[in-house]
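Participant: Okay, here's what each chain looks like letter by letter:
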Amino acid sequence: DTAVSQTPKYLVTQMGNDKSIKCEQNLGHDTMYWYKQDSKKFLKIMFSYNNKELIINETVPNRFSPKSPDKAHLNLHINSLELGDSAVYFCASSQDVEVYGYTFGSGTRLTVV
Amino acid sequence: KNQVEQSPQSLIILEGKNCTLQCNYTVSPFSNLRWYKQDTGRGPVSLTIMTFSENTKSNGRYTATLDADTKQSSLHITASQLSDSASYICVVSASHQAAGNKLTFGGGTRVLVKP
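Sequence lines, in order, name chains Z and G.
So in our numbering, spot 68 of the first sequence is number 68, and the numbers just go up one at a time.
So in our numbering, spot 50 of the second sequence is number 50, and the numbers just go up one at a time.
Don't read these hints as lab results, they were simulated from the structure.
Take the hints with a grain of salt, since some may be wrong.
[Unchecked claim] For lysine-lysine, the following DSS-like pairs were computed, each having C-alpha atoms within a straight-line distance of at most 30 Å: (1) G/57 with G/17; (2) G/1 with Z/44; (3) G/1 with G/57; (4) G/17 with Z/22.
Next comes chain Z alone, as it looks inside the complex (with noise of 0.2 Å):
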């Protein structure tokens, strides 16, 4: 199936620690994104990487870092996990988003305790 596919779905921790969360586009994209879903469900951009190279980078927590190995990989790591980070974390590609716009993954629901 092509797709763009994340894991884990679910992601539990506890407050302080370091976790990953990874995403594989098979659609040949060129341009892949990390979004945070909040609460009142706004997506709102965290990073995008484009052929890796980073395009943009959101006044998001350094906590926060993105690592991309090829173009079909697009990882956030979170360092120092807190409370407020619990959300759902959405990765997404796109090849011409203005054409074609977003594939998105389903999500994976971060809860920090």
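Add chain G to chain Z, keeping to what the hints say.
Facilitator: Below, chain G alone, put in the same frame as chain Z:
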């Protein structure tokens, strides 16, 4: 500041009935507008895309309209089915922006279809 506002926030309708969701935006320069459907526990999936010159676009029982002058869009669902229960998100794309800045998301309208 680019903004997308959707109304209502939530909506309950009976199966078989029609409903209309609204989207107002202040995004400039405007490129296109999309409606996404997000099922519970899933990522958003694109329903329709409209450019400046398009007034209406249909995808099955979903019909989107766009008034570029008033910067308003609507999504009409005809003969609703239980599977239409989801969040519907209006997303507006701006031209001449870096890829990560192009899209502005609305907060979504949650639709619940009851039998």
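Participant: Determine for every hint whether it applies to the structure shown.
Facilitator: Verification of the supplied hints:
Note on residue 57 of chain G and residue 17 of chain G: the hinted pairing holds, with a Cα-Cα distance of about 20 Å set against a maximum of 30 Å. Pair hint residue 1 of chain G plus residue 44 of chain Z holds up; C-alpha atoms about 14 Å apart against a cutoff of 30 Å. For a cut-off of 30 Å, the pair hint linking residue 1 of chain G to residue 57 of chain G stands: about 27 Å separates their Cα positions. Simply put, residue 17 of chain G and residue 22 of chain Z have alpha-carbon atoms about 41 Å apart, too far for the 30 Å limit, and the pair is violated.
When held up to the earlier numbered hints, the structure conflicts with hint 4 and nothing else.
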